[in-house]
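Let the hints inform the model, and build the full structure from the sequences given.
If you read the protein sequences in the order shown, they are chains A and B. So the first sequence is numbered by the numbering used here: it starts at 1 and just counts up by one. So the second sequence is numbered by the numbering used here: it starts at 1 and just counts up by one.
Please note that a few of the clues may not be correct.
[As the list claims (entries may be wrong)] Lysine to any residue pairs mimicking SDA-like chemistry, simulated, CA-CA at most 25 Å apart:
hint, chain 1, residue 1, chain 2, residue 2
1, B, LYS10, B, PHE219
2, B, LYS98, A, GLU102
3, A, LYS344, A, GLY318
4, A, LYS21, B, GLU239
5, A, LYS79, B, PRO222
6, B, LYS294, A, LYS344
Keep in mind that the hints were calculated from the coordinates and are not lab data. Small disclaimer: the values here were computed from a predicted structure and weren't measured.
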Amino acid sequence: MAVVLDVQNLYSGYNGSLVLKEISFQIRKGEFVSILGPNGSGKTTLVKAILGILQPRSSSVSINLGEDGLRKLSELTPKEIARRIAVVPQGLQFEFAFTVGEIVSMGRTPYLRRFQSETNEDIKAIEEAMAFTNTLYLRDRLVTELSGGERQRAIIAQALAQKPDILILDEPTTHLDISYQIEVMELLKKLNEEGVTIITVLHDLNLAAVYCERMILLKEGSVYVDGEVDEVLTGENIKEVFGVDVLIHSHPLTGKPYITSLSLISSALSSQKGNVHIICGSGTGSSLMHSLHEAGFMVTVGVLNVLDSDEVIAEKLGIKVVAEAPFSPISEKSFKNNLGLIDKAQVVVLADIPVGEGNFKNLVAAEKAVEKRKKVIILEKTPIETRDYMEGRAVKQIEKLYLKGALKAHSEEEVFKLINDLMEIENG
Amino acid sequence: MERIRSFKDKSFIIFLILLLGFVVIWAASVGAVSIPLKTTARIFLSRVFGLSFLFGKASWSETYEIILLKIRFPRVILAVLVGAALSVSGVIFQGIFKNPMADPYIIGVSSGAALGATLAFVAFSGFGVFGFSLIPILAFVGAVLTTLLVYNLARVGSRVSVSTLLLSGIAVGSFLAALTAFLMIFGTKDLHQIFLWLMGSFSAKNWDHVKVMFPFVIFGLPLAFFYSRELNVLLLGEERAQHLGVDTERLKRTLIIAASLLAASAVAVSGIIGFVGLIIPHMVRLITGPSHKKLILASTLFGASFMVVADLLSRTLMAPLEIPIGIITSLFGAPFFMYLLKRSKKKIF
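Now the structure itself:
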């Protein structure tokens, strides 16, 4: 796809103080890009610089004029720019009692000469913009009397009447309640599907993750990272740019990255429902960890090898782990520590781990748990026979556990349900 | 007063045109010699508009014709032009400044004109050159120079900040007012004259004054109308106007020049008439809303009518004594506006 906006080595600011440094990126036709960053990182200044309203108009920003190819903003008149780029500014307030119809018509200013009255084409563009934003019914209402969501739609309609190739929005959802936020973002999505390139500054990382394909993360006036959502939204990036610890997991419904502040997580722990210890490894416990953790249980795991995929996730979630050095068998010390965690748990889950000489001690720990009258649930998505690398010793061990009162589950869901039931009995 | 949106814009404008026509004829017919309305209308149409074929041969007294043509018509028409110029100038400044307190004199036109006129009185005793009094010339020059000074004070590179403009207008204004007061100390014998001039008057104005004023109005008003769309966009804020492709710096420059020239020419011929340029736009906005196309057209017409009536009152209330028109506009205009303000439930600006 063709490049519609090309920013090369942009420096910009106000009255000699530099806000943006060395900014370079290219936006292609039809992209849906969000610009993220903490307050003061230069997001709004970047929007102004792209629009060419910071003087002097930058020669570092070029826009695509179709047949003429890329042209520098500094070579274009304000009207030429306004026919390609429309903007929805942050928190625009109307002090004057224009009607919505009058406000939307103003979007045609870049096309009209001074005394020219609106042509059929102009009227068509205005009607379309109002229909698209569902503001036709507001036509004769005064903009000073609109609600927040209606006002935002009217401003978007004004911008759409410009028939832009690129729509730039500066925090379009700020000060709107959740339903209006979604309404606005859905509107942008629909516009994007019709071919309008969308660049939006957003505050809400999760909202950005749901709607945008690409993110540009700004830090102190420079591009810190620019790429697809998964590349940009990592714990390290967020920590580096925003200075907060977050947990990034994939949203159960959208599958998009979803960010939770770790301070929120620790506060959730104070309302814990009970302690669950999970014996797992090689990814067999990850989804259980997630769901139990989310559900508010105090989860512990062990014994895992450092860098085992379950271990990595446990670290991410801030779960307490008994960890052994990579690729080493479970030591006596780890075994004891593990028993310590099991002691504190009401329920112990044994995930369907492959069992060998190195981790056999985990099955012994499970046995100890049963003996200590802990509720032990054995997850057998795959039967133990297929995961026994000890010529039947593991199978025997599992059978022993069942004999001593361990419960069997065939899926994570079943485990989850059992735990909930057991805890209910426990808490009575 | 609720904003009358449903009021058909066209019929409102037609009403204002008829109103203006009526007050012009009415004002011209009233005076020491009372002339019938019908006669005044006929003389007006045939002699001023050149529509004499409509009425055939003159069927009216020659005295009437002389009184009207030599004294009353130029005076009334000058009031029309000055009223229109001040009102539209006020509309423009209020639009640029987005400030309801803005009026045609906001960036120094009045203080510059006052200093120029006072200088003419004191230093040259109002002598004329080429048959023209020096007073309007110096007043005009003073007004224009002051505007330029204020504008350049507020200018940084090619940009002019509206709030700096306002402040430098106030600063220069006070400075010039002090100079004017200082000059007055030396001009004790002219004090009364100066004072009357400062209050504004249409007394003893002739067609020459109309001729001086006319070009400014004939260029200035259409220009303002021309820029009405951009003025509307400017009301959304300078930045938004730039988003919509308006070259705001050029727009401000053009409009400030136009509005200042309109005000300066008005001040030169009639002195400093206060209140009209401030209040007429507000009154009109109550009915038309903020959209400048309607606002400029309606302010032109209503401002002109208002000025004609104010002038009529100034010369008839205490005839043969003339009350300076500045007193009339404020004395009658202000309470009327207060009444509108009180009845208006909404924010009017």
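Do the hints match the structure? See the list:
For a cut-off of 25 Å, the pair hint linking LYS10(B) to PHE219(B) stands: about 23 Å separates their Cα positions. In summary, the hint linking LYS98(B) to GLU102(A) is supported, as the alpha carbons are separated by about 18 Å, within the 25 Å threshold. The straight-line distance between the Cα atoms of LYS344(A) and GLY318(A) is roughly 17 Å, inside the 25 Å bound, and the hint therefore holds. Taking the CA atoms of LYS21(A) and GLU239(B), the gap is near 23 Å; set against the 25 Å cutoff, the hint holds.
About 23 Å separates the Cα atoms of LYS79(A) and PRO222(B), which keeps this hinted pair within 25 Å; it holds. Between LYS294(B) and LYS344(A) the CA atoms are separated by roughly 80 Å; this puts the pair beyond 25 Å, and the hint is violated.
Going through the hint list in order, the structure does not satisfy hint 6, though it satisfies all others.
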